[in-house]
Amino acid sequence: MKNAGLCELSVVSDMTRLTAAIAAHGPDIVLIDLDNPSRDALEELTLASSPLDRPVALFVDQSDAGLAKMAIEAGVSAYVVDGLRSDRIIPILDAAVARFNLFRKMRVELNATKRALEERKTIDRAKGILMKARGIDEEAAYALLRRTAMDQGRKVIDVAAALVSTAGLLS
Amino acid sequence: MTLFPLPVGFLPLVDAAPLIVAAEMGFDHVESIALDLRRATSWSGLRDMVSFGQVLAAQMLSPMPVAAALGLGGVSVGLSAISVLSTNGEVIGISNRIADQLRERPNALAFDDAAAAGAALISVAGGPLRVGVPFPFSMHAELLYYWLSSLGLPAPSALEVRTVPPPLMAAAMASGEIDAFCVGEPWGSIAVEKNAGELLLAGCAIWPGAPEKILGVRTDLLGTIPEQLGALVRAVWHAGQWLDNPRNYTVACEILSSRTYLDVPSEIIDRSLTGHLLTSARGGTHMVHDFIGFSQTQPQERHAAWMADRLAGRLGLDRSAAVPAGRTQFAAAFHRHAVQAIPGYEPDLPRPDRLFDGRDLNIDLGE
Numbered sequence: 001m002k003n004a005g006l007c008e009l010s011v012v013s014d015m016t017r018l019t020a021a022i023a024a025h026g027p028d029i030v031l032i033d034l035d036n037p038s039r040d041a042l043e044e045l046t047l048a049s050s051p052l053d054r055p056v057a058l059f060v061d062q063s064d065a066g067l068a069k070m071a072i073e074a075g076v077s078a079y080v081v082d083g084l085r086s087d088r089i090i091p092i093l094d095a096a097v098a099r100f101n102l103f104r105k106m107r108v109e110l111n112a113t114k115r116a117l118e119e120r121k122t123i124d125r126a127k128g129i130l131m132k133a134r135g136i137d138e139e140a141a142y143a144l145l146r147r148t149a150m151d152q153g154r155k156v157i158d159v160a161a162a163l164v165s166t167a168g169l170l171s
Numbered sequence: 001m002t003l004f005p006l007p008v009g010f011l012p013l014v015d016a017a018p019l020i021v022a023a024e025m026g027f028d029h030v031e032s033i034a035l036d037l038r039r040a041t042s043w044s045g046l047r048d049m050v051s052f053g054q055v056l057a058a059q060m061l062s063p064m065p066v067a068a069a070l071g072l073g074g075v076s077v078g079l080s081a082i083s084v085l086s087t088n089g090e091v092i093g094i095s096n097r098i099a100d101q102l103r104e105r106p107n108a109l110a111f112d113d114a115a116a117a118g119a120a121l122i123s124v125a126g127g128p129l130r131v132g133v134p135f136p137f138s139m140h141a142e143l144l145y146y147w148l149s150s151l152g153l154p155a156p157s158a159l160e161v162r163t164v165p166p167p168l169m170a171a172a173m174a175s176g177e178i179d180a181f182c183v184g185e186p187w188g189s190i191a192v193e194k195n196a197g198e199l200l201l202a203g204c205a206i207w208p209g210a211p212e213k214i215l216g217v218r219t220d221l222l223g224t225i226p227e228q229l230g231a232l233v234r235a236v237w238h239a240g241q242w243l244d245n246p247r248n249y250t251v252a253c254e255i256l257s258s259r260t261y262l263d264v265p266s267e268i269i270d271r272s273l274t275g276h277l278l279t280s281a282r283g284g285t286h287m288v289h290d291f292i293g294f295s296q297t298q299p300q301e302r303h304a305a306w307m308a309d310r311l312a313g314r315l316g317l318d319r320s321a322a323v324p325a326g327r328t329q330f331a332a333a334f335h336r337h338a339v340q341a342i343p344g345y346e347p348d349l350p351r352p353d354r355l356f357d358g359r360d361l362n363i364d365l366g367e
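Quick mapping for you: the protein sequence lines, in order, are chains A and B. Under UniProt numbering, the first sequence has 3 at position 3, and the numbering climbs by one with no breaks. Under UniProt numbering, the second sequence has 305 at position 305, and the numbering climbs by one with no breaks.
Think of the hints as simulated: they come from the structure by calculation, not from any bench. Quick caveat, the model's predicted, so the values are computed rather than measured. C-beta: ideal position from N, C-alpha, C; glycine also. Fair warning: there could be bad hints in the mix.
Derived CB-CB ranges, DEER-like [unchecked claim]:
hint	chain 1	residue 1	chain 2	residue 2	range
1	B	Tyr345	A	Ala24	53 to 59 Å
2	B	Gln241	A	Arg146	41 to 47 Å
3	A	Ala24	B	Pro246	35 to 41 Å
Just some of the chain B residues that point at chain A, by a computed CB distance under 7 Å [what the hints assert, rightly or not]:
hint	residue
4	Trp43
5	Gly73
6	Phe135
7	Pro136
8	Thr163
9	Pro165
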């Protein structure tokens, strides 16, 4: 968006300073992840008694419903200062939605990878404990974990995690 | 039998329990609906999900449909409360600094004396009292404004009510941005666990039986899918009866604590269901009777009218227009009709709404 010369961007990452940052920048539009709990703090800005001198209106109130729906489905919500024309909002929102979707995909992948790594670490540790305690090899240790999990109707990772934490208590 | 799929939004809070229990214990299937619960992270998010039809109903703060009717918060669609999900369950917490000052005052930390606690809090404020609430249109905000202004604290000059998302409440308290908060569980107990502050009072000490969360739907759905929404009301009613039975507390805690729902230790949830609160990190405990309730599901128009009147008065709107606009957002007749179909259902006797200062909920419905 910046490269296209569309607008001036400021990114607020410290959510405890959100309303203060908005007051300082006086933006025309605020875009926020729908999953961000700090979105509720923005709601305060829509009240007449808000400490801000500029009136802020909720985007979904004044523009066409189709656009707002698209934004919400994509997980972005926007607060627009009164008076910003809707033909100026559309390209900004389009760009934000596209960008957001890309980031979300990356975030999901990253989380899945991280989780897989952590699970493998726990299973490896559980295998190690079993090998030492029962004098069996790695393959047998894994088979034992898997059989226990199946018998108890649990996931291998859950059995492994329980074993690791119990072993931690005993040592 | 085919089940009607019903997507419903909720926030991971103890008072989402009726929805969670209805889905987990199968009260929905009995009514030929299948709840599809969607967890959200903000009240404005839930409201927009309902407005744009991503979910058909959602857990909401009780003043939200009223605020929408008054054109507050930038919503243009009408919202209706078809059931009360929970009564009370709020806690008021104070920073450790204020708690230390209150220890000197008689009865201030007794936990059941709203007048003494409020008067003491006002006397130690030393400047405008800054209090965090989860949302501008919330029973938390209404209780605070009523409680402290009834004790003589002028708002807004001496009382600053700020919106702070509950996950950030402990941090806001620690950094000195707020002196106190009013939130729902488990957030009060989590603040105690983090040693961010102490609990001062339960919401039921200010207004016992205050409608805290409601089940909100887009008003036009009352005409388009009345059967399904009626079934939802009944499923939630059954869940509420189940939840208010002490024999079910342990199971309820386990269900709520799971990763899909609240994802907090069941021991913390147990505190609010039993009313056995841990009020400070140094181990203070208090037993609060009727801390939270789930079986008073009937929306009352006079409650909605009172909220409309309070909101309008505070925000400078026309009160005589606000009251009739707000009161009808509590769909009392719709709820009554739905629960009457339950075999053996008997309506609760009407209870007076007595506030902590001895006054009754005073509202002129223009009848």
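*Hey, does the B:Trp43 contact hint survive, CB to chain A under 7 Å?*
Nearest chain A Cβ about 5 Å off; hint holds.
_Interface hint compliance - B:Thr163 to chain A, C-beta minimum distance less than 7 Å_ = holds, 4 Å
*Regarding A:Ala24 and B:Pro246, is the given constraint of 35 to 41 Å on their beta-carbon distance met?*
violated, 52 Å
*C-beta pair B:Tyr345, A:Ala24: status relative to the range 53 to 59 Å that was hinted*: Holds - the Cβ-Cβ distance for B:Tyr345 and A:Ala24, about 56 Å, lies within 53 to 59 Å.
*Minimum beta-carbon distance criterion (7 Å), B:Pro165 to chain A*: It holds, given that the least Cβ distance between B:Pro165 and chain A is near 4 Å, below 7 Å.
*Should the hint that B:Gly73 touches chain A count as held when the rule is a Cβ pair under 7 Å?*
holds, 5 Å
*May I ask you to test the interface hint for B:Phe135 with respect to chain A, counting a Cβ-Cβ separation under 7 Å as satisfied?*
holds, 5 Å
*Check the following: the C-beta atoms of B:Gln241 and A:Arg146 are separated by a distance inside 41 to 47 Å.*
Given range 41 to 47 Å: holds, Cβ gap about 43 Å.
*asked:* Interface hint check: B:Pro136, Cβ to nearest Cβ on chain A, cutoff 7 Å. Holds or violated?
replied: Hint holds; B:Pro136 Cβ to chain A Cβ min 5 Å, cut 7 Å.
In the structure shown, a violation is registered for the earlier hint numbered 3 alone.
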